[in-house]
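Peer 1: Work the whole structure out from these sequences, hints included.
2 protein chains.
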Amino acid sequence: MNNKNKINIGVAGLGTVGCGVINLLKKNKVEIFKRTGFEISIVSVSASNKDKKRDCDIKGLNFYTDPLEMVRKENIDILVELIGGESVAKELVIEALEKKIHIVTANKALIALHGNDISEISNKQGCDVAFEASVAGAVPIIKVIRESLNANEIEWVAGIINGTTNYILTEMLKSKKNFNIVLKEAQDLGYAEADPSFDVGGIDAAHKLTILSSICFGIPLNFKSIYIEGIEDIELDDLNYAKELGYAIKHLAIGRKNKDGIELRVHSCLIPKTRLIANVDGVKNAVVVSSDSAGPTLYYGAGAGSLATASSVVSDIIDISRKILSNSNNIIPLLSYQRDQLQNKNILNINEIESRYYLRIRVTNKPGVLADITKIFGSKSISIESILQKEDLVNDENVPIVLVTHEVIEKNIIDALKDIEKLDVVKGKIIKIRIEELES
Amino acid sequence: MNNKNKINIGVAGLGTVGCGVINLLKKNKVEIFKRTGFEISIVSVSASNKDKKRDCDIKGLNFYTDPLEMVRKENIDILVELIGGESVAKELVIEALEKKIHIVTANKALIALHGNDISEISNKQGCDVAFEASVAGAVPIIKVIRESLNANEIEWVAGIINGTTNYILTEMLKSKKNFNIVLKEAQDLGYAEADPSFDVGGIDAAHKLTILSSICFGIPLNFKSIYIEGIEDIELDDLNYAKELGYAIKHLAIGRKNKDGIELRVHSCLIPKTRLIANVDGVKNAVVVSSDSAGPTLYYGAGAGSLATASSVVSDIIDISRKILSNSNNIIPLLSYQRDQLQNKNILNINEIESRYYLRIRVTNKPGVLADITKIFGSKSISIESILQKEDLVNDENVPIVLVTHEVIEKNIIDALKDIEKLDVVKGKIIKIRIEELES
Numbered sequence: 001m002n003n004k005n006k007i008n009i010g011v012a013g014l015g016t017v018g019c020g021v022i023n024l025l026k027k028n029k030v031e032i033f034k035r036t037g038f039e040i041s042i043v044s045v046s047a048s049n050k051d052k053k054r055d056c057d058i059k060g061l062n063f064y065t066d067p068l069e070m071v072r073k074e075n076i077d078i079l080v081e082l083i084g085g086e087s088v089a090k091e092l093v094i095e096a097l098e099k100k101i102h103i104v105t106a107n108k109a110l111i112a113l114h115g116n117d118i119s120e121i122s123n124k125q126g127c128d129v130a131f132e133a134s135v136a137g138a139v140p141i142i143k144v145i146r147e148s149l150n151a152n153e154i155e156w157v158a159g160i161i162n163g164t165t166n167y168i169l170t171e172m173l174k175s176k177k178n179f180n181i182v183l184k185e186a187q188d189l190g191y192a193e194a195d196p197s198f199d200v201g202g203i204d205a206a207h208k209l210t211i212l213s214s215i216c217f218g219i220p221l222n223f224k225s226i227y228i229e230g231i232e233d234i235e236l237d238d239l240n241y242a243k244e245l246g247y248a249i250k251h252l253a254i255g256r257k258n259k260d261g262i263e264l265r266v267h268s269c270l271i272p273k274t275r276l277i278a279n280v281d282g283v284k285n286a287v288v289v290s291s292d293s294a295g296p297t298l299y300y301g302a303g304a305g306s307l308a309t310a311s312s313v314v315s316d317i318i319d320i321s322r323k324i325l326s327n328s329n330n331i332i333p334l335l336s337y338q339r340d341q342l343q344n345k346n347i348l349n350i351n352e353i354e355s356r357y358y359l360r361i362r363v364t365n366k367p368g369v370l371a372d373i374t375k376i377f378g379s380k381s382i383s384i385e386s387i388l389q390k391e392d393l394v395n396d397e398n399v400p401i402v403l404v405t406h407e408v409i410e411k412n413i414i415d416a417l418k419d420i421e422k423l424d425v426v427k428g429k430i431i432k433i434r435i436e437e438l439e440s
Numbered sequence: 001m002n003n004k005n006k007i008n009i010g011v012a013g014l015g016t017v018g019c020g021v022i023n024l025l026k027k028n029k030v031e032i033f034k035r036t037g038f039e040i041s042i043v044s045v046s047a048s049n050k051d052k053k054r055d056c057d058i059k060g061l062n063f064y065t066d067p068l069e070m071v072r073k074e075n076i077d078i079l080v081e082l083i084g085g086e087s088v089a090k091e092l093v094i095e096a097l098e099k100k101i102h103i104v105t106a107n108k109a110l111i112a113l114h115g116n117d118i119s120e121i122s123n124k125q126g127c128d129v130a131f132e133a134s135v136a137g138a139v140p141i142i143k144v145i146r147e148s149l150n151a152n153e154i155e156w157v158a159g160i161i162n163g164t165t166n167y168i169l170t171e172m173l174k175s176k177k178n179f180n181i182v183l184k185e186a187q188d189l190g191y192a193e194a195d196p197s198f199d200v201g202g203i204d205a206a207h208k209l210t211i212l213s214s215i216c217f218g219i220p221l222n223f224k225s226i227y228i229e230g231i232e233d234i235e236l237d238d239l240n241y242a243k244e245l246g247y248a249i250k251h252l253a254i255g256r257k258n259k260d261g262i263e264l265r266v267h268s269c270l271i272p273k274t275r276l277i278a279n280v281d282g283v284k285n286a287v288v289v290s291s292d293s294a295g296p297t298l299y300y301g302a303g304a305g306s307l308a309t310a311s312s313v314v315s316d317i318i319d320i321s322r323k324i325l326s327n328s329n330n331i332i333p334l335l336s337y338q339r340d341q342l343q344n345k346n347i348l349n350i351n352e353i354e355s356r357y358y359l360r361i362r363v364t365n366k367p368g369v370l371a372d373i374t375k376i377f378g379s380k381s382i383s384i385e386s387i388l389q390k391e392d393l394v395n396d397e398n399v400p401i402v403l404v405t406h407e408v409i410e411k412n413i414i415d416a417l418k419d420i421e422k423l424d425v426v427k428g429k430i431i432k433i434r435i436e437e438l439e440s
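Protein chains in written order, with our numbering: chain C, 1 to 440; chain G, 1 to 440.
For the record, the hints were derived by calculation from the structure and aren't laboratory data.
All clues given are correct.
Any copy, or any two copies together, can satisfy a pair, since identical chains are not distinguished.
Quick list of in silico lysine to aspartate or glutamate cross-link-like pairs, EDC-like style, CA-CA up to 16 Å: (1) K34 with E153; (2) K26 with E153; (3) K27 with D292; (4) K73 with E98; (5) K90 with D66; (6) K27 with E153; (7) K27 with E155; (8) K257 with E31; (9) K26 with D292; (10) K34 with D340; (11) K380 with E407; (12) K177 with E235; (13) K184 with D195; (14) K26 with D57; (15) K29 with D292.
Peer 2: In structure tokens:
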């Protein structure tokens, strides 16, 4: 044991999560001490504006407007990086590591885009970098994969890891409203940003999948290889038809080992309603990890929020503190696998994946249309599992045809849809949503 | 760092889980090494009969019929205790700890009944005792509570932690069969023991709740304080009525802090079907932990099985090995709280808890019966939330009345039911099932 029993913390960034960490460490000081037997003390903080009104009390703490200055001047054991974004955060974390200061961060972009470099430096310095809060908020999915499923070969991971998109999809179906209206409401409620593109466009989920897929499959972080679709094209009709077919539509981040390589993709899916994850609604997050020995396991909880995210940040602080006090830092590799065992593997192009598909095609209501369409599917070896007839709509001039295909390679579907969209009787863009069984 | 990079293991007990551990460590040797960078080597095993046909290969391992002899003679770092039961296991674990051998066990009875003593000895010896596999099989609920939710004050924990009972309740509703028939089928499938009383009577779940409640609430292990009911009294009718009312019936283990003390109870409950845990079916396990900061989080997966349980055992082996190699054992308290911070708290008697209740009363079909019954409820200040009328049964001589009460103290319900059962028009025992909202 180290002969000190107090850990000094510097917190960079005093937004929602930063204030959550300050509040949580104060609120549960006694409870945390009962478990750890040592004191965790925030000694300094940084933020761009000292006098801004905020939901936490920073009186008595050393304040810096420049987080780099804080790292240079303060004698801290752990830097808690909650600034977000990439550039300042990266510079700050690297400078701290060079001073042998351990890092706790909630910054998914930082880890997803610069984690390979950070891993190299932290390993050299014998420091820990913990990032539980970067994926799925309060849900301890990073620790679970790195420390609990580590006897397994992990086969696939699939998660609802963006609360905004899950809220919007849930609310569209519940209140029978279209995407744009619900997005506006989500913005008013604070569930979506003014610029929602990071969330609804899938970038945020892709950052998180970059992290999950690396620690699951032993590959270096590789954000660029992820195929990304948002939820902008999902219409209320699709949510209703999916429900009628026994499915829920969820925006998923999926990583899967198959015989030819690794699939890494973020997009909406139909999931059988009998799967637990298909019943995860609202802003909540959930991740399923399917492993060769443990089988499928699921982890669910709040994906965001001040105290919920702080819960993961502080658990990382406790972890690292225990290691500091027992001189055992850096015994668990940052990306779960030993650095020299990380291996670039073949990341499949989206064209190469196999899936079943939900298709909604808007057609002129006249005889022979279905025959024209199924002929094209036949020519691409695509077989149809079921067709949903909407009898109540047959009097309209245009009617939707909803089809579910058997398993087929994505390239073939794309080719077929291109040909079908050329038919005179087909109106507008065909809606295509992949179906994921998530066998469990 | 310790200068060795090989950890020697002795496995006591070669049943389903013991063989699972041997098979898993062989199967995923490379995958595990890629993560850890060191070798985990099983050097010796013990079982009562060497020549018994079993599903794992023990050739080349030192074999003992007496596990105590193995511990005395072999130079092992970690003893994996998979014998089960209490007496031999306890003696073995204590002897190993006295030799400063670390322990991994899947034995819930051992920890629930003797964990306080074991914690004292292991703490004195500077050894780790890990028991992830003792609760919820592959689901890493122990690590999550000890290491991920440790910044929280935990408010309640509720789990489906006995696969046999959950299988039986699921199957009764699905196949419209009664308890005894499904129990027999479960025994034939190997999901229930020949003597099923430990499982269907709730003892197994109570052992596990003993462990969960200690690490959640900072109380010493106290099996005797748990209120236990099994599932023997649940009839198919109740499962159907509950469904009609929007609930599922699940056998839960519940620990909850309330203003007067701690509730510790194992019994069947109605849970709103909108809760995720109400949709956990078959042999699967799930635990919800509700904390002041993280909010409710849920953990789901296989609760039993050879490799699934071995997944947790081996993750404990990896954990302890990393600590051995970095000289950092015994830095996380066995029961999550520092030993001197464990505190006996008031465990409430079941009579003192407050709940809503589902009641099924079989009555003679004649006018005035309902008035007689509601009069008694009124006299005990019990108000009725809803009554389920079974119109299709009104021609029978006896009819069921299904009632849901508002929140009331258990003692009042028991008193009222005693009086109601005395009415001439009431036939047989009244079925009483608590309703749990599990707000999330």
